[in-house]
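Take each chain as given, in its own frame, and dock them per the hints.
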Amino acid sequence: MKQGKVLKVQNIRYRDIIDGVSFDWHQGEIIALLGPNGSGKSTLARLLAGLIEPETGDIQFIDDDSVRPWRAVERWQEIGFVGQHPQRQVIGATVAEELSFGLLNLGIDFDSVRDKVSKLASTIGLEGKEDQSPSTLSGGERQRLVATAILAMEPSFLILDEALSMLDARAQANILELLVKVRTESGQLWITHDSELACQADRLLVMQKGKIVDMGNPREAFRDPQLKAQFWIRSVPDTQCLNPKETPKLPKKQNQTILEWRQAKYESRLSINKVITAGEFVAIVGPSGSGKTTLLESVVGLNQPTEGQLMVCGEHVSSTNLDSLRRKTRLLFQEAGEYLIGHSVYQEVYYGDTKKNLKLKTQDKLSYLEAFGIPARLAETPPERLSGGERQKVALAAALRTQPEILLLDEPLIGLDIVSRISIQAMISKLENMTILYVTHDLRDVLPDADRIWLVEEGNVVLDCAAQCWQEHKGQLQAAGVRC
Amino acid sequence: MSLLMTVTHWQGLVLTSFILLGLVILSRTPFRLYRSLAVVLFWMGLFYGLSAGWVWSEDKSIWQGHWSVKGLTQGLELLWRVLLIFSLTRLYSAVTKPLEQGMGIAYFFNPLIRITPKASDFALLLTLTLRFIPLIVEEALILWKVRILKGEWPTSWFKRAREVMHLMVPLMLLSLKRAEELAENLMARGYCSGKYRPLIVQEKTAEDYVGVLIIVVWGVLLLILAKTAQ
Numbered sequence: 001m002k003q004g005k006v007l008k009v010q011n012i013r014y015r016d017i018i019d020g021v022s023f024d025w026h027q028g029e030i031i032a033l034l035g036p037n038g039s040g041k042s043t044l045a046r047l048l049a050g051l052i053e054p055e056t057g058d059i060q061f062i063d064d065d066s067v068r069p070w071r072a073v074e075r076w077q078e079i080g081f082v083g084q085h086p087q088r089q090v091i092g093a094t095v096a097e098e099l100s101f102g103l104l105n106l107g108i109d110f111d112s113v114r115d116k117v118s119k120l121a122s123t124i125g126l127e128g129k130e131d132q133s134p135s136t137l138s139g140g141e142r143q144r145l146v147a148t149a150i151l152a153m154e155p156s157f158l159i160l161d162e163a164l165s166m167l168d169a170r171a172q173a174n175i176l177e178l179l180v181k182v183r184t185e186s187g188q189l190w191i192t193h194d195s196e197l198a199c200q201a202d203r204l205l206v207m208q209k210g211k212i213v214d215m216g217n218p219r220e221a222f223r224d225p226q227l228k229a230q231f232w233i234r235s236v237p238d239t240q241c242l243n244p245k246e247t248p249k250l251p252k253k254q255n256q257t258i259l260e261w262r263q264a265k266y267e268s269r270l271s272i273n274k275v276i277t278a279g280e281f282v283a284i285v286g287p288s289g290s291g292k293t294t295l296l297e298s299v300v301g302l303n304q305p306t307e308g309q310l311m312v313c314g315e316h317v318s319s320t321n322l323d324s325l326r327r328k329t330r331l332l333f334q335e336a337g338e339y340l341i342g343h344s345v346y347q348e349v350y351y352g353d354t355k356k357n358l359k360l361k362t363q364d365k366l367s368y369l370e371a372f373g374i375p376a377r378l379a380e381t382p383p384e385r386l387s388g389g390e391r392q393k394v395a396l397a398a399a400l401r402t403q404p405e406i407l408l409l410d411e412p413l414i415g416l417d418i419v420s421r422i423s424i425q426a427m428i429s430k431l432e433n434m435t436i437l438y439v440t441h442d443l444r445d446v447l448p449d450a451d452r453i454w455l456v457e458e459g460n461v462v463l464d465c466a467a468q469c470w471q472e473h474k475g476q477l478q479a480a481g482v483r484c
Numbered sequence: 001m002s003l004l005m006t007v008t009h010w011q012g013l014v015l016t017s018f019i020l021l022g023l024v025i026l027s028r029t030p031f032r033l034y035r036s037l038a039v040v041l042f043w044m045g046l047f048y049g050l051s052a053g054w055v056w057s058e059d060k061s062i063w064q065g066h067w068s069v070k071g072l073t074q075g076l077e078l079l080w081r082v083l084l085i086f087s088l089t090r091l092y093s094a095v096t097k098p099l100e101q102g103m104g105i106a107y108f109f110n111p112l113i114r115i116t117p118k119a120s121d122f123a124l125l126l127t128l129t130l131r132f133i134p135l136i137v138e139e140a141l142i143l144w145k146v147r148i149l150k151g152e153w154p155t156s157w158f159k160r161a162r163e164v165m166h167l168m169v170p171l172m173l174l175s176l177k178r179a180e181e182l183a184e185n186l187m188a189r190g191y192c193s194g195k196y197r198p199l200i201v202q203e204k205t206a207e208d209y210v211g212v213l214i215i216v217v218w219g220v221l222l223l224i225l226a227k228t229a230q
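Residue numbers (the working numbering), protein chains in the order written: chain A, 1 to 484; chain W, 1 to 230.
If you're looking for bench data, these hints aren't it; they were derived computationally from the structure. Glycine included, each C-beta is placed from N, C-alpha and C at the ideal position. Incorrect hints may have been included.
Stated by the list, open to error - Think about it this way: if two alpha-carbon atoms lie no more than 20 Å apart in a straight line, the pair counts; the simulated SDA-like pairs of lysine to any residue are:
id, chain 1, residue 1, chain 2, residue 2
1, A, Lys129, W, Thr205
2, A, Lys119, A, Asp131
3, W, Lys177, A, Lys119
Claimed, not checked - Chain A stretches covered by chain W per the calculated footprint, using a threshold of three residues with CB under 8 Å from any CB of chain W:
id, segment
4, 98–105
5, 318–330
Next up, chain W with everything else stripped away, as it sits in the complex (with noise of 0.2 Å):
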């Protein structure tokens, strides 16, 4: 959808922003999940505007430019497509969790895994990442508790950045020996490359069909009103 975003006109920009509002209401995510996304907003329309806005002919320099409504209208357009792109990453982020977005990742390398056998690895290689990161963090956690409660943190930037440096130590160790821990697991299990497959028990529901059906229509339909607006 991304990638469809940014071919089509406004029509296109219109259409999505009804979806959107309507996905919002359906997803019933509350409306302040969006608010970090003004001050983006507020950057990019400066940055945008700025840029697109100022124009100057072509025998002349840039500082003898000005500002001209064309420009500013291209910024806002521009700026319009960011925030519904990022408003879509969001609302998508916020109702499915990184675990169902990594599996789903992943579940699509299905088909390649048919093709070559480096797809299989490569989407092994997503699910132990989806599994090792979390346990990373929570040793980085342990330890970051074992040093809060050695001693008081200190106040100076230099000595906290230092300390942070210190606990780094530790931390890597550690990592290498869970990831030293996950590589014999894998061998102890008869990891061989090319014969992972990610398996999604969940069957698929009516919904699921209603959803991918509404998604296919709203690509289209971007495609079309690219093609009319042109």
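The following block holds chain A by itself, in its conformation from the complex (with noise of 0.2 Å):
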């Protein structure tokens, strides 16, 4: 067993992201790193794994007393590093490849990597999918194969660059399980929003515009007002004092259908029969894969029912009406931010405007962009030169610009830092007038505004009931991998 290395990270400046970051990373102890997105956090994760140099200041390597510089380790086998979005991580055709890269790496001889990769395949539970695609995986088992891939490499440390947040409860559960598995013999970093995680961890830093600062144990960290809204951090949320709407807020439309699937089968994805009133505020939740995402797809006609019909505004969704029901919804797909299409911010929010009206930048266009917390200065700025938090509120604005009558938001909360989390929570909040369908992983993002929560699995709404009631339903909701 691997013992007693260290990494030193000395006064590392990259940049303006990175402004003198220092701390020690003993090999057996978990760190959990909070902060704002583009504070430097993923910056300072691929400085560690050597994948750019630090322009001043210095990274060491002690192990067993021998100091060495960092640069000059080989770094690739002393740390590993899984991101976010594992379908852009996984280097292998097949799943038996991604196993096998690293370690034919190493230099472990082609048999010896067979019987291990037979071994790690059944010990993930992707014994017989070998030599299957990771595309045909969920997301959780491609996560849980990548941190597998790279865990079979021994790593005395590793990365974790968010690499929960796009999980369901259960999925994370189950990376959490191999993580716990390699305490002892791996240092590991988690990079991550969720307070809840970071309280499982050993010590708490926090960045901020490049700084550093060490809090401690995160369980006593957490604890402490003063040091929360010093640095914006969110406590462990907790459901019990989470209350759901009293009264459902009285739509202008009441009773009034707005969308009905009648008997609707989405090939073998989902299969549905329900009808949303007008203004009504629907939580969708379920495990990845349920048919969450098709089932908001369907409303804009991006999937065709196999079987039976939706109507939506009382017309029957076929080709020949498509365009007019779109004008009426508007859907925010999972990381809209990253998916923005306009040159500018401004051409992106007013994207299908003639050119003569595109000409006409008005106040009263700024003003709708500053309303959603874009300043009127990034008007004319390109969308990827904007942080993440920034690009999901221009999503959003560009989204509510033509004033929907059906709002289709698919996980907008992911991925972003407690600030823009709260901020675009309040726009979505403030809302009126508006159906909106939200799909999460965590109940606890949408009880303060939803009416209905509805539980999707393996293609069916296997739960519908009034937020109210959710208590009611928490064993279950848990049991698919809900966070409430």
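Here's what the structure looks like:
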């Protein structure tokens, strides 16, 4: 068993992103790193992983009292890196290739690797799937595959850059199980926005504007209101204190059916027979791959029913009326900020306007941007230069600009820091007279606003209850991997 | 097999036709899969029939020629060959997933890897392509959906082309980002030139050996028939 290795980070700087960061990281120690979007957490992770080099300062590797500069070490053998998106990290074309890639680079002979791959696949429940493409696996399975492939290389240190944020509670627990198994053999750095996860670490570091603050034991840090306020740390959410809306808001067009799936089937992915009335806020929860996104996409006609039919605003959805129905609905995709197609923030929000209208940058238009927390000075900025939170706000502003009757949100808060989460949540809460379908893994994000909760599992809505009654179904929701 | 088909004569083509029919029945692929070949057959038949069937004597110009039975027969034989190659390829792609095709090609590089590390790099390139293309297609699909939901798709071809060009910029940016991420992942897992070897865990079954035997016998028969017909 490996013991006693230390990474000593001394006053490192990188461009204007990392500004004199110092800390020690011991093998066997789990550090949680919190901080707002754009504070430099991922850049620090890349510096530690050796993917980029610090401009000044030094990182030293201490192994049994021998001190070596970090750049003189075969870093990939000592440190592993797991990112947020499993589908973007997979290297192998098959499960076996993925598991074997690092092992072959370590110089292990081919036959031993072959044996080890079979064993590894069976430990993560992928036996018999070794020759399958990783793209056939669910998000949770893929992340477990990537984590196992990296852990198989037995790194002394492991960085998880928001590696658990896309996963439901069940998939997250599976990965945590893998991490706990190697807890004594590897130092782990968990970059996260999730205070609940951070609480399980040994030490809490908070990053802000390229600087790092050591806050010691996370459980104690989360109890200190002064520190919490200073660094915008959210306490561990307590659903007992989180009350759902007491009385549902009274929609203008009360009792008017706005969405109706009549025995609709979408291949084998979704089967639904439900009605939503105008002005309702429906929280849609469920494990990854259960059919939640298919449900949202069905409303905008991106998925057509293979059986049954869908009525939107009283009209049967068909290819002839798709354009007019799409004007009444807006879908905010998962990580919508990644997929902005306008050349600038302004063009993204006012996409589709005539050239003449676009040229007229009126005060009203700029004020609209500012209402979403996008300063007017950013109007001409290309979207790719914005932070994650800003991009998400731009996507939301673009979706709401046409004042749709139905708003479809697919995990709009994923990967965002607490400040951005609060401000986007506040914007959504303010929306009135709008029917909202909100997909999430975390019920706590929607409880204050939701009227109804749908639990989707294996392509079926298995639970439809009023938000006020969620406690009665807590066990069922938790068993499905919903955080609540 | 495609190479052997170019040297064989009508006897070999008859043999291959029967084998193809047997394979189609064995694979239980529906006949509609081969329907698209009819269009190819028509145009190629027209081309080969017209070009190979038209003959003229040495002392005359091309426009003074005429259609000959021998020439038309040659054109028909050529068409038969092409049709068999296309049908076999269609059958192969219908029963073999692109992933398996790519892995199979990469697997055949294994003996070469012992000779030169470049073969290993090339095999890895194949594997990465297999992985990267679906990822980019996925990203392109999301961008397409985003665009579709932003407003009506224009009816004029010029405007449509402009819209597609407009989407190419974010797609390029995303592709570059994904490529960079992939390069970083390779670095983080210690990629070194020559170390990669394609790994297929699945054990070879009796059916695989029977398949190899049939292909070998088929190939040898084609060679023999080509020799005896000369």
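Here is what the structure says about each hint:
The hinted pair formed by Lys129 of chain A and Thr205 of chain W meets the criterion: a straight-line CA distance of about 17 Å does not exceed 20 Å. For the proposed pair Lys119 of chain A and Asp131 of chain A, the alpha carbon gap of about 14 Å is at most 20 Å, so the pair holds. Using a Cα cut-off of 20 Å, the hinted pair Lys177 of chain W and Lys119 of chain A is violated, with the two alpha carbons roughly 34 Å apart. Residues of the segment 98–105 of chain A lying with their CB closer than 8 Å to a CB of chain W number 5, which satisfies the three-residue condition for coverage.
Under the rule that three or more residues need a Cβ within less than 8 Å of chain W, the assignment of the segment 318–330 of chain A holds, with 3 such residues.
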